[in-house]
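Chains as they are written, first to last, in this note's numbering: chain A, 7 to 313; chain B, 7 to 313; chain C, 7 to 313; chain D, 7 to 313.
You may find that some hints are simply not true.
Treat identical chains as interchangeable: a pair holds within one or across any two.
Unchecked claim - No more than 25 Å apart at the CA atoms, straight line, and that leaves these computed lysine to any residue pairs for SDA-like:
{"#": "1", "residue 1": "K209", "residue 2": "G12"}
{"#": "2", "residue 1": "K75", "residue 2": "E185"}
{"#": "3", "residue 1": "K222", "residue 2": "A58"}
{"#": "4", "residue 1": "K222", "residue 2": "V94"}
{"#": "5", "residue 1": "K215", "residue 2": "E116"}
{"#": "6", "residue 1": "K222", "residue 2": "Y53"}
In short, the hints are calculated from the structure, not lab data.
There are 4 protein chains.
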Amino acid sequence: MPTILGQNQYGKAENRVVRITRDGDTHHIKDLNVSVALSGDMEEVHYSGSNANVLPTDTTKNTVYAFAKQYGIESAEQFGIHLARHFVTGQEPIHRARIRIEEYAWERIETSDGNSGFLGAEDVKHSFVRKGQETRVTQITYDGEKWEVISGLKDLVVMNSTNSEFWGYVKDTYTTLQEAYDRILATQVSGRWRFNWTDDAQKMPDWEKSYEQVRKHMLQAFAETYSLSLQQTLYQMGARIIDNRAEIDEVRFSLPNKHHFLVDLEPFGLKNDNEVYFAADRPYGLIEATILREGVEPRIPVDMTNL
Amino acid sequence: MPTILGQNQYGKAENRVVRITRDGDTHHIKDLNVSVALSGDMEEVHYSGSNANVLPTDTTKNTVYAFAKQYGIESAEQFGIHLARHFVTGQEPIHRARIRIEEYAWERIETSDGNSGFLGAEDVKHSFVRKGQETRVTQITYDGEKWEVISGLKDLVVMNSTNSEFWGYVKDTYTTLQEAYDRILATQVSGRWRFNWTDDAQKMPDWEKSYEQVRKHMLQAFAETYSLSLQQTLYQMGARIIDNRAEIDEVRFSLPNKHHFLVDLEPFGLKNDNEVYFAADRPYGLIEATILREGVEPRIPVDMTNL
Amino acid sequence: MPTILGQNQYGKAENRVVRITRDGDTHHIKDLNVSVALSGDMEEVHYSGSNANVLPTDTTKNTVYAFAKQYGIESAEQFGIHLARHFVTGQEPIHRARIRIEEYAWERIETSDGNSGFLGAEDVKHSFVRKGQETRVTQITYDGEKWEVISGLKDLVVMNSTNSEFWGYVKDTYTTLQEAYDRILATQVSGRWRFNWTDDAQKMPDWEKSYEQVRKHMLQAFAETYSLSLQQTLYQMGARIIDNRAEIDEVRFSLPNKHHFLVDLEPFGLKNDNEVYFAADRPYGLIEATILREGVEPRIPVDMTNL
Amino acid sequence: MPTILGQNQYGKAENRVVRITRDGDTHHIKDLNVSVALSGDMEEVHYSGSNANVLPTDTTKNTVYAFAKQYGIESAEQFGIHLARHFVTGQEPIHRARIRIEEYAWERIETSDGNSGFLGAEDVKHSFVRKGQETRVTQITYDGEKWEVISGLKDLVVMNSTNSEFWGYVKDTYTTLQEAYDRILATQVSGRWRFNWTDDAQKMPDWEKSYEQVRKHMLQAFAETYSLSLQQTLYQMGARIIDNRAEIDEVRFSLPNKHHFLVDLEPFGLKNDNEVYFAADRPYGLIEATILREGVEPRIPVDMTNL
């Protein structure tokens, strides 16, 4: 046979698990979408169809739900670590597990001024509204020795309505763009950051606090950077995270430039003084880059949008 | 010719307009998606292709942008009223205009503890993050005499993690469902409400305040209702709005029952005490109903999800 | 109580059923997405939460699968008729059933020149590729006496690369569009057609043949019409169906004008002789109309895109 | 500064270009979605915002449209090669270009039995219906010396309604799955294949013929393989391509196992003899693997779904 098997992995993708924790009348939610991918001694199932080394994807699904009961879900990262360790240490033929998790945030419905005919406001500690905004993500990879944790977010839409310029660029035969000295800068942030926690012997980061802080620094860098190009803003967002968060060594962003074009109102005798914009869909500029702590090797893949 | 023309309408759909208002350094955003549909003496364009009565859809687009400059965007409703009046009164062959608007909310990026190297936190009054959560909608219809305004929202996901039961239902040959005495109740709210403002002679509602209040009452009714069926919760949500908001006479909801099934963990020797749920996609229960102020005729269409 | 209940309906939506029929080694597929909506004596469940008249949505789901076995799926229309009749005649409190069905078409994978090491080509009569292209839809409504069947399709994308013009339109203050004498006409067809079969005493149409013929006439009318406006093309598409299909009395189309803008290549010293187009997303013209057999009352709703 | 810049790239994404070629009255369409990503000496724009080395993304868009006129679009691959060569050889600071293209297929509307009142059937050579089914993709990468061409497809849905089994797998504490001896095997194929053409000195493959042949072999392998696991089917699909197409050295598939669960009809006194299935959405098994010609190094990334 002139062909051979290369990289391969399998598992159950998109297991939707909601975990309720009851603290008296006060409930807490964790709402995750968990995908399992396992690798190891899997040549035979590809060559002959023998499943002798194959733990069914259905079993990986069951494990997600059982672990949500047994360990609870302290954080997406911690939950993924439990799962990855189980698969790699529990099955001889499995040498590597990669757990990807999406997390959807919820906030409480306020009823403090409620005039309910059914229940007093003090009773309503089990009602939630989905936060919308970004989806939090994480990817945990374990090979039995080392951990790799890459967390991040996607679909966080931000805009600066001023303090953005674009000029002084290369002009070739096909250049028609006019220079801009006050434009809208808007993007839908997809970002990933890699932790330098790789070993059970190290102290584990506080995953929940880390996420909140990274998000805050990233947003502040976006807001506070006077931008001469989206590349510059992107770099500031990454550098701010690494400067402020010792647990993180590498950041990668994929930032679509969500163009807001100033509408030409002159044909109607109107002056558009940076007031009325057309929000375009396609095409869009796409700016992608990795920012690294000095001396560190990059490990986040170039195409990370599926994480 | 054995065929004739029935109801027809045309216009430019999904004009994405972003309006920035500068109040000194402090910027404000209105971010809308505006669709125009016009009707009137349009037989000839259908029968022969003569465009003599047709204002181009491109012109309706231009009008949206020009009006955003000329009138500003105080609220989606007010903006739609300006547009509808213009088309009906401005063109003889146009007898009716229907303006549909989606609105995306933004909130400010907080930089109060910012340690920027570029700008002081006090300077950052032009930075925003899209709120996510629901999309606000409105539909304004005008025939030259009467107004109809139906506002609402879609894609607001809510959950009660307890205080929901379902039992005592009809059982036929095909019934296998077990009765439930403590279940999750979750839905993705699509709601519309009709204002009793129909005439220029009436005092116009405060559209922005009305929206905030309707949303609040609706969420509180969802949270505070001890539910024996999603129909009961739906009715309470609508009744609460009409009881509290004199400007509204009719409400309609389309509520998918986003099933959260308790996972059977017994095969693994675990007890699932309302802790671990599978969030299902399809199929889903779908509960739809109109709630009316007594004595009022219904006008919101049965299928309103496209509004 | 100052509020009352208006129109309401409930049921299980989006039941995905695949029915395989084995004719010896040759298999046949029907692949449907079935949504059930029931109405009747349902005041009490909304007012008090009593489910005494409520057949669970879960039961309506079970019925879909059981009927797929008991009756097979001859056509989506015939299957919906079985279901609607069952719900209305089987449960006293249910007075009306509306069944909506989406159908996905499959075609056989050809293996006639196959060089398989496993099976001879003649054995492969159970392999299919999903056709893509349009989704076929139908809606069956039954109130115990009369039937209403509205069938149709959505997401069928068509294009004429010439034989389309647009000129001679109204020009107002906001008109900037240039007249066009040779343009691309492209649209994503959403169409619905109503059958005049309403009574069990009438001979039932051949639903499968009717669909194929309507689709053919509609496409031919699109291709063969020299178009002075999309309205004219739309009308021809509807009229052609009614002229050719005696079983259909009413047609409604919702046709987005998928703009293909001629790209201005003059800045690069190039002439664009109707060769290079930018396919735009938003905004788009939206043309909607009903075409009726003379003397017939319209019954297809204005907003039918959810059917 | 403790941070440094890692891998980075930028350009205009999703340029939608439609190219019409007129061969007398007979028109031909190429319908592409082209994304440009450029890399090179781009440190400064990230560090200081200086755009002195930056060709605007808007210029890369213009180039796509100008090249569609200048070179035509013989195939997506050939078009991408023209673009990549231009960017790398035309601008000193640009060292590498990656062009990604999606292609949408169209087929002619048949009017051979047309009874048009406007045009004879023989005139209609400019009318098309979008084929639906898969999206064809390609990625061309050029660094000034070597080419890498990876082509493929996504969203091709296929099903075998028999000749699939799954048994003999590992069983652990969390395994509940029953073995299956006759099941539906369905998947939505995402596949990529790498050409061994890397140098201008080599004879270029016939890109159009290659695509048609790869697709055919892949579908036949899917249909003809009696499957004991989706991994086995996947491997056969890849091996068949490499065995038959000398121009291809590596194939990678990402195959979601689109579960079709046999519905339990026993509660209703019915026997389900592999006739009625529930088509599930989530979760799904996900099987991914690379198949290589012996002796070849793998280059297709593990996560290739965005290509």
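Evaluated hints:
In this assembly of identical chains, K209 and G12 lie within 25 Å of each other by CA distance neither inside one copy nor across copies; the values are 35 Å within and 27 Å between. Proximity of K75 to E185 under the C-alpha cut-off of 25 Å is restricted to the inter-copy arrangement: shortest distance 23 Å between copies versus 58 Å within a copy. Proximity of K222 and A58 under a CA criterion of 25 Å is satisfied in neither setting, with 48 Å inside one chain copy and 31 Å between copies. Taking the shortest alpha-carbon separations for K222 and V94, neither the intra-copy value of 35 Å nor the inter-copy value of 38 Å comes in at or below 25 Å.
When the C-alpha separation of K215 and E116 is checked against a cutoff of 25 Å, the pair qualifies both within a copy, at 24 Å, and between copies, at 18 Å. In the homo-oligomer, the alpha carbons of K222 and Y53 lie at most 25 Å apart only across protomers (21 Å), although the nearest pairing inside one protomer, at 50 Å, exceeds that limit.
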